[in-house]
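**Student:** Chain by chain, the residues:
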Amino acid sequence: MVARYGFGAFDPTGEFGRLRDEFNRAFSGLLPGFPTEELAVNLSSNPEEVSITTEVPGLTPDQVQVTLHDDTLTLQCKRPAEPKAEGWTYLKRERESGVFHRTVQLPFRINPESVVAKLDKGVLRITLQRADEDKPRQIKIQAS
Amino acid sequence: MATQALQRQPETRPSNGAVERARPRPTFIPRVDILEGEKEFLVVADLPGADESSIKISLEKSELTISGSAQDVPASGHLLSHREYDVGDYERVFTLSESVDKAGIKASVKDGVLRLTLPKAAPAQARRIAIQAG
Numbered sequence: 001m002v003a004r005y006g007f008g009a010f011d012p013t014g015e016f017g018r019l020r021d022e023f024n025r026a027f028s029g030l031l032p033g034f035p036t037e038e039l040a041v042n043l044s045s046n047p048e049e050v051s052i053t054t055e056v057p058g059l060t061p062d063q064v065q066v067t068l069h070d071d072t073l074t075l076q077c078k079r080p081a082e083p084k085a086e087g088w089t090y091l092k093r094e095r096e097s098g099v100f101h102r103t104v105q106l107p108f109r110i111n112p113e114s115v116v117a118k119l120d121k122g123v124l125r126i127t128l129q130r131a132d133e134d135k136p137r138q139i140k141i142q143a144s
Numbered sequence: 001m002a003t004q005a006l007q008r009q010p011e012t013r014p015s016n017g018a019v020e021r022a023r024p025r026p027t028f029i030p031r032v033d034i035l036e037g038e039k040e041f042l043v044v045a046d047l048p049g050a051d052e053s054s055i056k057i058s059l060e061k062s063e064l065t066i067s068g069s070a071q072d073v074p075a076s077g078h079l080l081s082h083r084e085y086d087v088g089d090y091e092r093v094f095t096l097s098e099s100v101d102k103a104g105i106k107a108s109v110k111d112g113v114l115r116l117t118l119p120k121a122a123p124a125q126a127r128r129i130a131i132q133a134g
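Line by line, the protein sequences are chains A and B.
By our numbering, the letter at position 83 of the first sequence is numbered 83, and the numbering carries on one by one without gaps.
By our numbering, the letter at position 65 of the second sequence is numbered 65, and the numbering carries on one by one without gaps.
Misleading hints may appear alongside valid ones.
Simulated restraints, written as ranges between beta carbons of each label pair [unchecked claim]:
hint, chain 1, residue 1, chain 2, residue 2, range
1, B, T65, A, Q65, 22 to 28 Å
2, B, G37, A, D62, 36 to 42 Å
3, B, V73, A, Q65, 23 to 29 Å
4, A, V116, B, I57, 32 to 38 Å
5, A, K84, B, G77, 23 to 29 Å
6, B, G37, A, E113, 18 to 24 Å
7, B, E63, A, S114, 48 to 54 Å
Calculated directly from the structure, the hints in this document are not laboratory data.
Glycine included, each C-beta is placed from N, C-alpha and C at the ideal position.
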């Protein structure tokens with residue numbers, strides 16, 4: 001069992017993520033156009049906010065979709081292939097194109113008004129503030 | 001972990017005892033697309049997170065080296081709680097053929113993508129040779 005709260009390692013995809021990964025592996029190649037490519041993410045947090053980064057070189061804001069549903073954040077982006085003008089040929093093609101997605105389970109509930117997503121030098125950074133009602137409260141101990 | 005999309009390849013060059021890096025950071029070989037047109041070659045390289053000022057392009061004889069370095073500084077007071085990709089330096093070396101006009105190489109960086117235009121040297125461009133009547 002992985003703790004979902006706190007600063008230690010928590011599993012942002014959860015049990016469902018593991019099942020989905022296995023499903024994707026089993027079916028990749030069978031279903032053309034099925035988005036099986038996952039974006040790798042890094043997460044950093046403090047008790048009040050969480051910040052998620054992922055690398056999306058060359059993408060513009062309109063090619064990236066960020067959606068938040070309760071404590072689940074979904075990233076989806078479409079990376080077009082390098083446009084090839086007539087008369088040009090590929091000598092090497094290593095950069096991936098297609099649809100990339102990722103679902104991240106956040107360590108706490110989020111204030112939806114607080115979400116900030118920024119693209120800088122090909123890195124997408126999303127910062128989410130913890131919902132006020134979800135913040136830990138200090139309980140004062142009364143002297144008897 | 002699942003397939004890492006847009007991933008960089010870890011350095012695969014055999015480590016040379018003579019070369020030692022000063023900082024313990026990983027170096028990645030950036031992924032590239034290389035296209036050939038009628039008059040030029042286009043090299044497109046993914047260097048996500050690399051600051052424009054850190055990107056260097058050097059040419060020594062026929063060796064073209066591109067390098068850059070990405071910084072990953074967590075917001076103040078943040079602790080890294082989950083890591084799926086590493087951040088470090090980028091480096092890749094290309095050997096240019098004689099058909100490239102080395103003086104005419106141009107580079108631009110946008111959204112973490114480096115684009116190099118390498119014009120073909122004049123002799124490599126198709127020339128039509130007129131046949132003279134004897």
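**Student:** The structure should be examined with respect to each hint, and the outcome stated for every one.
**Tutor:** So, going through the hints one by one against the coordinates:
For the pair T65/B and Q65/A, the beta carbons lie near 36 Å from each other, so the given range of 22 to 28 Å is not met. Between G37/B and D62/A the C-beta distance comes to about 28 Å, which lies outside the given range of 36 to 42 Å. For V73/B and Q65/A, the hinted distance range of 23 to 29 Å is satisfied, since their beta carbons lie about 26 Å from each other. Remark: the range hint 32 to 38 Å for V116/A to I57/B is upheld by a beta-carbon distance near 33 Å.
Judged by the Cβ atoms, the range 23 to 29 Å given for K84/A and G77/B is violated: they are separated by roughly 46 Å. Checked against the hint of 18 to 24 Å, the C-beta distance between G37/B and E113/A comes to roughly 49 Å, which is inconsistent with it. Hint check: E63/B to S114/A, Cβ distance near 49 Å, so the stated range 48 to 54 Å holds.
Hints 1, 2, 5, 6 from the list above are not met by this structure, while the remaining hints are.
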